[in-house]
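K.L.:
Listed below, chain by chain, are the residues.
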Amino acid sequence: MTRTTTADLGADAPDAETEATRRDFLLIATGAFAAVGTAAAVWPFIHQMNPDASALALSSIEVDISSIEEGQAITVMWQGKPVSIRYRSAAEMEEARATPVDDLADPLARNDNLDATAPANDENRSVPGREQWLIMLKVCTHLGCIPLDEAGEFGGWFCPCHGSHYDTAGRIRIGPAPENMAIPPFEFLDETLVRIG
Amino acid sequence: MQHDYFPRYEPKTAVGRWFDDRLPLTRLMYDSFVAYPVPRNLNYFYTFGGILSIMLVVQIVTGVVLAMHYVPHEDFAFDSIEHIMRNVNYGWLLRYIHSNGASMFFLAVYIHIFRGLYFGSYKAPREILWILGVVIFLLMMATAFMGYVLPWGQMSFWGATVITNLFSAIPLVGESVVTWLWGGFAVGQPTLNRFYSLHYLLPFMIAGVVALHVWALHVTGQTNPTGIEVKSKQDVVPFTPHATIKDAFAMTLFLILFAWFVFYLPNYLGHADNYQKADPLVTPAHIVPEWYLLPFYAILRAVPSKLFGVVLMFGSIAVLFILPWLDTSRVRSANYRPLYRQFFWIFVVVCIGLGYLGAKPAEGGYVVAARILTIYYFAHFFLILPLLGLFENPRPRPASIADSVLGPADQPSGAPAAAGGVAAPETRG
Ligand code: HEM
Ligand code: FES
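So the protein lines, in turn, are chains D and G.
Numbering follows the numbering used here, with no gaps: position 132 of the first sequence is 132.
All you need for the numbering used here is the position in the second sequence, starting with 1, plus 197.
No lab work stands behind these hints: they were computed from the structure.
From the three backbone atoms N, C-alpha and C, an ideal C-beta is built for every residue, glycine too.
Hints are not guaranteed to be accurate.
[Claimed, not checked] Not everything, but these chain D residues come out facing chain G in the computed CB check (under 7 Å):
1) Pro51
2) Ala53
3) Ala57
4) Gln79
5) Gly80
6) Lys81
7) Pro82
8) Ser84
9) Cys145
10) Ile146
11) Cys161
12) His162
Isolated chain D (complex conformation) (with noise of 0.2 Å):
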């Protein structure tokens, strides 16, 4: 319409060249308003479904450890999912060294309580001074399934779902997961009690 508009005006008045562009702006102007207003509108709508404020809140647990003997584990439910508090033995964190993070399938960490590009020698999958404790998210990095502990090829987890294979450090070694399971934020507040988030 606009266009017919300019073309035809423009033809006999020169200053209706003026008066079409005017009317452009306008229509473009009207436009924008439209749909940013209409976005603005739709943002609500989308973000509701994000974790609401009662969900938020529940962000940090303290778990106490003192009973677990070494070679056992405990598993906690953080943000409605499984952590797994596992207090390693020697053995198991011996062969968790010896892989070279070349033969990893995820050379990264993992760790939120260290950088994110941190390579996931086995050091860096805890903290310094705690490093026979893994406390891990044990949620499978596939499609989520909780994976079976003391399982699988390297003695670590087994995720019976799609087949993944992790070692003793949670780190995937064979199957269709893309990532060391993930090592929640977390802090000793004293020998015994820990602060997951």
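Mind docking chain G with the ligands on chain D? Use the hints.
P.N.:
Same frame as chain D, now just chain G with the ligands:
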């Protein structure tokens, strides 16, 4: 389709005329389902559209009454299902109709889709009709998936976890998309509640797309086993009584099968694990989706990469959208395509094989077999169909539908019409 073969709606009473002048609804129904011409040679594979419509109604009616008793809460959902099964009057019946109805719905839709593949129903001028069908199929899968989550058993919970996690494969925004879908950091109460809302909504969206699908159908008309377009009145019969009775008969047989499942094998198609309440700490040893999603699940698991597996799984359905342009042959019906006919049956076996593998654990020989069948699945669409159209020598087709049914000699109006009337998509070999 040309529509003057049979007399159209004529209001017979004054009230009918008064109404027709104001809202020609009766006219629309009469012209669409009574006087509407259908090819005289339709076989029973053409009755599944009607069966599907009935199944949609069955699901909506049983679903709405189940919703009167169901509680969409992580603490009560599982118990409310048992409440429906034990306490609600006829609750067991309504639930078994609804849960087995979903399976029957998919059985019918698969027959309907393979009918289309065999008789070339997706070819010009029916591309939009076909694409709307694929949209319905996608909506059905979404609806069934979310419905299966509602009983909040172990399979519900872990199926929901695995399927929503598929979206985490999206580069960069994957994790945020999954959190958004869940409304939390894992599948939980917000997830269940929204799935319930959407499970209620989607069937009505399906009903809307079905209306478009039938509209598109009534513009182009049905195909038929010869794949030749309707050319004259000899080729067609009026929808009522012919198609109506045939559809009703097929529907009756189908409902007998349905009733057999509901009354004798109500849990045969389900998983025992789903009678165990959802436990976020324990994944069942063997997660499998409902049978109707197994082939796609097999494709997902066949690929060793997460992103690529998800892409291929969605791709295996998306390819149906472009199928009308992948098949280069202008002969519609496989009855006249000796090679395609064989490849069609191989394809059917491959799909069933993928379904079988989807139910098996993802290890050893099963994975290898799933990989081979996945490659074949895509080769069928991207290699075999485009090439067949170029190299295949189709068999001669009858001059008209009437010819194919009655034999050329019986055709009253004789040769001239037949000679001139070769339908456009049929002209090239
Ligand atoms: C396209 C149509 C539909 C399909 C394919 C479908 C599919 C399903 C499936 C597979 C289940 C799980 C059954 C089980 O294991 O118990 C289910 C449950 C349920 N559906 Fe539907 N559904 C459809 C329409 C509807 C509609 C329109 C409603 C109405 C609100 C509804 C309400 C429910 C309810 C309340 C449940 C939970 C009760 C139960 O699990 O039996 N559904 N649906
Ligand atoms: S979810 Fe663990 S392998 Fe798929």
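K.L.:
If a hint holds in the structure, say so; if it doesn't, say that too.
P.N.:
Hint by hint, here is what the structure shows:
1. A distance limit of 7 Å between C-beta atoms decides the matter here; for Pro51 (chain D) the minimum to chain G is near 5 Å, and the interface restraint holds.
2. Violation of the interface hint for Ala53 (chain D) is found here, the shortest Cβ-Cβ separation to chain G being roughly 12 Å, above the 7 Å cut-off.
3. Interface hint status for Ala57 (chain D): violated, as the beta-carbon distance to the closest one in chain G is roughly 12 Å, over 7 Å.
4. The interface hint given for Gln79 (chain D) is met, as the beta carbon of that residue sits about 4 Å from the closest beta carbon of chain G, less than 7 Å.
5. For Gly80 (chain D), the interface hint holds, the least distance from its beta-carbon to any beta-carbon of chain G being 3 Å, beneath 7 Å.
6. For Lys81 (chain D), the shortest C-beta to C-beta distance to chain G is roughly 5 Å, which falls under 7 Å, so the interface hint holds.
7. Restraint check, Pro82 (chain D) versus chain G: the minimum CB separation of about 5 Å is within 7 Å; hint holds.
8. Interface hint at Ser84 (chain D): violated, since its Cβ lies 11 Å from the closest Cβ of chain G, which is beyond the 7 Å cut-off.
9. Taken as an interface hint, Cys145 (chain D) checks out: its beta carbon lies about 4 Å from the nearest beta carbon of chain G, inside 7 Å.
10. The closest approach between the C-beta of Ile146 (chain D) and any C-beta of chain G is roughly 4 Å, which is under the 7 Å cut-off, so the hint is satisfied.
11. Hint status for Cys161 (chain D): holds, given a least beta-carbon distance of 5 Å to chain G, under 7 Å.
12. The interface hint given for His162 (chain D) holds, since its Cβ lies 5 Å from the closest Cβ of chain G, which is under the 7 Å cut-off.
Hint compliance for this structure: hints 2, 3, 8 are not met, and every other hint is.
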